[in-house]
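Can you make the complete structure from the sequences, with help from the hints?
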Amino acid sequence: MRAGTPSETVLGVGPLPLTEREFSLFQALVEREAGIHLGPSKQALLVGRLSRRVRALGLTSFGAYYRFVCMRGNEAERVRMLDCLCTNETHFFREPGQFEFLRQRVFPEWTRRAAQGLMARHVRVWSAGCSTGEEPYSLAMTLLSHFPPGSGWELEVLATDLSTWALERAKQGLWSVERAAGIPRPLLRTFMLKGVRSQEGWMKASAELRAVLRFARVNLNDERGWPEGPFELVFCRNVLIYFGAQARAQVLSSLLRRLPPTGYLFLGHAESLTGSAEPARCVAPNIYCAKSPQPASGGGPT
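So the sequence shown is numbered by my numbering: it starts at 882 and just counts up by one.
What the hints contain is simulated information worked out from the structure, not anything from laboratory work.
Just so we're clear, the structure is a prediction, and the values are computed from it rather than from any experiment.
Take these hints with a grain of salt, some might be off.
[Said to hold, decoys possible] Only pairs whose alpha carbons sit at most 27 angstroms apart, straight line, appear in this in silico DSS-like list of lysine-lysine:
(1) 1085 with 1075
(2) 1075 with 1052
(3) 1052 with 1085
Here you go:
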């Protein structure tokens, strides 16, 4: 048999059995590769999401699949395995209070500081864990509605994810019109194109919107592949809830280091900075300012 090539034949259909030892091996592998912690309750999830992949390779057991993905030269299969295990749940303008914070607090602050010569009119935003793109496109719509082309502001929204499948979907900028429910109507009319004829029932991001976005695969558990900062805004929402404690603390500290002193980190509603070694202050629910030189009015606990 050629090294790195599965040779076992496909037998049967449906989920494959998974032993406790095999699950332990995958737990360690996934946490080592991606920082994601699969607790005991995730055993059925792993079986459900990987069984089809195991059979597609002509393998008959999870043990054989584990050996295969660990072989040198099979890095692409490890990426595909992680794709299968990613949870790509998202929607437009998730946690709307955070977008209101941008409009009422951050954008006026930027405008004031730029007028005083304290800030360049160049804004970089990172959507870390962008899934199928609803978050970074929501950010781009919000930014462009306040700093449109011709206003003198240069905008860049970097959208990254571990899942190559999700990134490809995000790059397309194409969704069912049913996904439009969360988009404020003025932004929907301005930035989304309604499909006709063969594209009826779909909507597509406008060229103006797509122009400020760029995409890259980034593994948050491997800082060597991270983009260089600083970023005025970092959104990493509902991602770190899947991480083990040590990996989560490391990622949080590294994200804060990519903010300038006046930058903001946005987390999901069930997340906090617990474990991070970097100094930061909570300025609104699940919004943090790194090394802020002045107390934020109406802010939360230090």
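Practice task
Below or equal to 27 angstroms on CA atoms is what counts here, so check residue 1085 against residue 1075.
Solution key: At roughly 7 angstroms apart (the allowed maximum being 27 angstroms), residue 1075 and residue 1085 satisfy the hint.
Practice task
Please work out if residue 1075 and residue 1052 have their alpha carbons no farther apart than 27 angstroms.
Solution key: With a Cα-Cα distance of about 17 angstroms, the restraint between residue 1075 and residue 1052 holds, given a limit of 27 angstroms.
Handout entry: Hint consistency between residue 1052 and residue 1085 [alpha-carbon to alpha-carbon, up to 27 angstroms]
Key = holds, 11 angstroms
In summary, the structure agrees with every hint in the numbered list given earlier.
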